[in-house]
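Protein chains in written order, with our numbering: chain A, 1 to 342; chain B, 1 to 342; chain C, 1 to 342; chain D, 1 to 342.
Be careful, since some hints might not be right.
What the hints assert, rightly or not - Covered stretches of chain C (in silico footprint by chain B; criterion: 3 or more residues with CB under 8 Å from a CB of chain B, positions within the stretch not fixed):
#1 164 to 174
#2 218 to 224
#3 248 to 260
#4 265 to 271
Keep in mind that the hints were calculated from the coordinates and are not lab data.
Virtual Cβ for every residue (Gly too), placed ideally from N, Cα, C.
One letter stands for each residue in the lines below.
There are 4 protein chains.
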Amino acid sequence: MIAVGTFTYRPARDELAYTFGGRLPVAHVRSGDILEVHTKDCFGGLVRGPADLPSRVCRMPYLNPVSGPFFVEDAEPGDTLAVHIASIVPTRDWGVSATFPHFGALTSTSHTATLQPPLQERVWVYDIDRQAGVVRFHATGSEHTVDLPLDSMIGTIGVAPAGMETRSTIVPDIHGGNLDTPELRAGTTLYLRVNVHGGMLALGDGHARQGQGEACGVAVEIATVTTLAVEVIKGVDTAWPRLETDTAIMSIGCARPLEDAYRIAHRDLTAWTVDLAGLEVLDAYQLISQAGRAPIGNVCDPNYTVLAAIDKALLPQPEPAYRDAHARLRNLANQREEGQVR
Amino acid sequence: MIAVGTFTYRPARDELAYTFGGRLPVAHVRSGDILEVHTKDCFGGLVRGPADLPSRVCRMPYLNPVSGPFFVEDAEPGDTLAVHIASIVPTRDWGVSATFPHFGALTSTSHTATLQPPLQERVWVYDIDRQAGVVRFHATGSEHTVDLPLDSMIGTIGVAPAGMETRSTIVPDIHGGNLDTPELRAGTTLYLRVNVHGGMLALGDGHARQGQGEACGVAVEIATVTTLAVEVIKGVDTAWPRLETDTAIMSIGCARPLEDAYRIAHRDLTAWTVDLAGLEVLDAYQLISQAGRAPIGNVCDPNYTVLAAIDKALLPQPEPAYRDAHARLRNLANQREEGQVR
Amino acid sequence: MIAVGTFTYRPARDELAYTFGGRLPVAHVRSGDILEVHTKDCFGGLVRGPADLPSRVCRMPYLNPVSGPFFVEDAEPGDTLAVHIASIVPTRDWGVSATFPHFGALTSTSHTATLQPPLQERVWVYDIDRQAGVVRFHATGSEHTVDLPLDSMIGTIGVAPAGMETRSTIVPDIHGGNLDTPELRAGTTLYLRVNVHGGMLALGDGHARQGQGEACGVAVEIATVTTLAVEVIKGVDTAWPRLETDTAIMSIGCARPLEDAYRIAHRDLTAWTVDLAGLEVLDAYQLISQAGRAPIGNVCDPNYTVLAAIDKALLPQPEPAYRDAHARLRNLANQREEGQVR
Amino acid sequence: MIAVGTFTYRPARDELAYTFGGRLPVAHVRSGDILEVHTKDCFGGLVRGPADLPSRVCRMPYLNPVSGPFFVEDAEPGDTLAVHIASIVPTRDWGVSATFPHFGALTSTSHTATLQPPLQERVWVYDIDRQAGVVRFHATGSEHTVDLPLDSMIGTIGVAPAGMETRSTIVPDIHGGNLDTPELRAGTTLYLRVNVHGGMLALGDGHARQGQGEACGVAVEIATVTTLAVEVIKGVDTAWPRLETDTAIMSIGCARPLEDAYRIAHRDLTAWTVDLAGLEVLDAYQLISQAGRAPIGNVCDPNYTVLAAIDKALLPQPEPAYRDAHARLRNLANQREEGQVR
């Protein structure tokens, strides 16, 4: 029923976007299309070794480039855009992290402003072994190395904001953006409110992995080829970004202070549970209070992110969310993977 | 030395702007020009009485319109734009306030999200007597009326943001915007960093007065004719919005949580004091700690605002700030008032 | 009608208290008594010059000593204790301030925890001239000196907490404590809920003055003789600390983040206004929103403090608050000053 | 080498404690002792069904009773008390949760104060099947029931605070207390700083399970028999509560706003990692940034709790933490379980 096309996009350097909104589309896609998108790392590939201190080799605001935006046909304000992440493939055998002056959770910042000098700026280069599924950390001040699981994710994905706004790709908010949660891995479907004609989807900022909160402000940053399947869900609104996997539904809150991100996510998940499963609102609140998970995304970006998650199996015969878009897009992506769709 | 022109701007309804950035200029002005700008109230004039509930008569995002933007000649990124407020004249004999669903300091909100229903939405109409200099409050649930001092201010004034962003006029931030502080009254000079070619100054959201924090989220909202004098200060950068009066200098912080707004403002005022008065940094911190004022602007907008202020008389023979722009613009405005400049 | 006694208390060093609650009373007083209390400075007098770095000469938790507690006869849980500050007299011709490692608004702290080293610890000694009413600041890194108005206040005053708690004198909360607001000057009446049999009033931590927020964490610290008049208001409960002057009523909120302190103070002032002046609750919220002041107390202590204030003249023929305790205690203190009461 | 005794304590009703600190010990224990402690639920067992609304049947401050305190011999200020949780056995076949007026994450509260009325107060009763290891949720507004995994934990455990303070059992802070994290399950060792002679360990507030953040403010509350093994680690200080399991080390931060709890936990875990594994501090920060977990404990108590966790396997041949107390106490508890120790 869904028309299927495959689309590969590799941005030229001067095509990279540094905002959500305010940009003309680089391509058009349709519901049911598969997109294969090449993404740069958050430094635009300029930090390659210990000598490439980000504050020297990068120039503000040219940080955190995204690929896109893609105009999604038939996407109109008030619709929801479903974006299934089929795969995230690192394109290099290394990733990079860093401390950045006055950025991160364990330093004073531009906003948590103090009179203290910044922490030392430093670069860490990680080895990535896709076959083995590991990311290797190398200490800089000692000989210690250790392998961490490769858990590729997309840090930044979103659409053009509402209210005629244009937001830096550093910012996570209602439109998505720099959400920086490990839950944005392959197998997850993201739901975003369409705010403008065509939606204007863009993404970038791949991470080989990150800890909860992305404490130092920078994950293991990678370039990727990320494969997405998209669908417009007509006439269905979505207040805050939502995720769905085979087993769980999740709402995302973006705010400061961090408890407001928690509140937003949990209020939204409560409302979603009421809608989906027909629970009375205080029953939904109660069930989430005992059975919910609340993974922290980031505690470093202009808005912090917290998720609220609950397993679908705990809900009374839930209606498929968003007209079963997750299952449909996952199957679509799988079929293509198996060569049945071209 | 400064070329002086007078410029009157009255926006047509479809010229009103709802963002800082992302708009073409409505007019060009030069350093030393006097601007007489007509501004609408935050509801675009649509709330005129108790029956005009804002959530019914206004349509998102068409709230908080500003007049402009004005392209300021010779203003380039990295310069500072000095904007002296010469006068703010209410154009009606009434002002209006309201509660708005899930907006304000004493209610849960879209971000401090709870499961509670909103407070009742209600409108208050105030009488404004410019001659007497009073704003008359009328209780809605009893016979009580009381006169408050008229203390006209501009709630929203700013330039196009940095980083290619476009921000809603509801938002206060580094570019100015919805600062909502009573210090933006006649006699004050505002300093803003120029982020884009031409700066793109715009303003609106006049208040006949407001309390500190604008607790219910809405001040005594008025339409105004506001007279400004502007000057570009070449090659001088400004990190956060700053104010100067005849007696004091002030820095403005915009952030959540509220203590971050306090921190930003105080760090900036400390740095400004160091620059201006040659104090060592911890001496400046100490002096401000004992002699500073910290008036709260708003505790309702997407970012809260706090100011840090210190009297110029307490500083060691300070260099005039910003090459004496405040005195120059104040005099310019006064001369014009006295008919010496046309 | 009120029995009047005068009582002078000068603590021996080993009588100083470092908590509210958990201490036996040092003396008994009655409603209508005048207390003349000698108080030490926050360092217990141990910081006397630049070489006396607080972290070296003071030993935790022996900071911020208070004099007391005083058992107030007839004070029972659920009553309100009214404490009128008749005078605050500095007992030395100098005061002292300091930076303290990882304490203050413009540094990371034990709770806003970062990996950065502390700011330099330094001591400032101020001259105090009671006759001239000035406090003289001396810069440490340059020759600058400047006179600031003497505006003596009590930083720490409170009663034993509820819930069987004992709190450090560093903490401001519902029981009062380290409120650190300049509004606690002579002429002000403080209302506190009585939580335990006898109330257990104590005070200390005089300031020759402080800026709003006490940014560096330490005011101009002084020893004082402070004269109080006390009264028990039977059967009247008080949720959060409140203040009354001849012209205004004020509520105090203590919390983190700072906006919660603002919310607490404004909700309490709204409720107080409703009770006192018979305004409907949204009318009270509205009037405070336009006519209220919100002076920040501290942004450095374990809880931050914000006040909400409104002028009595703006309220409809208010009932005297707390059965007119403020006027009665002020008159009592004045009569004594004039020698009519011994 | 460690002397081993077994000690069973079942509090009489009037022995229950509602504070940490300020209480005489109920018993003495020694390093290496096994304690079997009966604990009441947070309502003192008074909420048994839908009609037992907590605000009616409970009386403040008699909430969240703990059993203890236990005087630990040889525990002196500056030592660390290691408390291994050997088992937590629910003593009833039911647990209970509730909404409580103006308490919880999705409601305005006493501190996030608004003018809105509270959410409806309601009670949920859960079935507990220890054999099956399940907790059964019953919706109140529909027929939905669902089984959740039994994951028993101790909500409140701590010692007497420092600084001569006495804190309500509702409060989590440096001394432990109402930490409300699911990580306090059987198999975990808790490390707490000893602040007073004898430490004064107490515990209660068992949960059959809770979601991350304990959103509604109340978990599935149970009475328990909890078995602990304790050891005093002489001369080793501990800044904030820490946990150790067979596979991970964790630090706990307690603060508002929530990001400060995150910062505290992560700074402490960074410091611990440096001490334990000899990593340079920025290397530790980096490794935790990529490999750390940050489970939220509570977002409802007077302080919020966030944990920072890292797997021991990721650290370079770590020294056993705290002189291997975790392994020693776990083995001790296991031996007893197997009947080898009496």
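Okay, the hints, checked on the actual structure:
1. A stretch counts as covered by a chain when three or more of its residues have a beta carbon under 8 Å from one of that chain; for the stretch 164 to 174 of chain C and chain B the count is 0, and the coverage is violated.
2. Evaluation of the coverage hint for the stretch 218 to 224 of chain C: fulfilled, as 3 residues show C-beta separations to chain B shorter than 8 Å, against a requirement of three.
3. Counting residues of the stretch 248 to 260 of chain C whose beta carbon lies closer than 8 Å to any beta carbon of chain B gives 4, which meets the minimum of three for the stated coverage.
4. Requiring three or more residues with a Cβ within less than 8 Å of a Cβ of chain B, the coverage given for the stretch 265 to 271 of chain C holds, as 3 such residues are present.
Comparing the model with each numbered hint stated earlier shows that hint 1 is the single one that does not hold.
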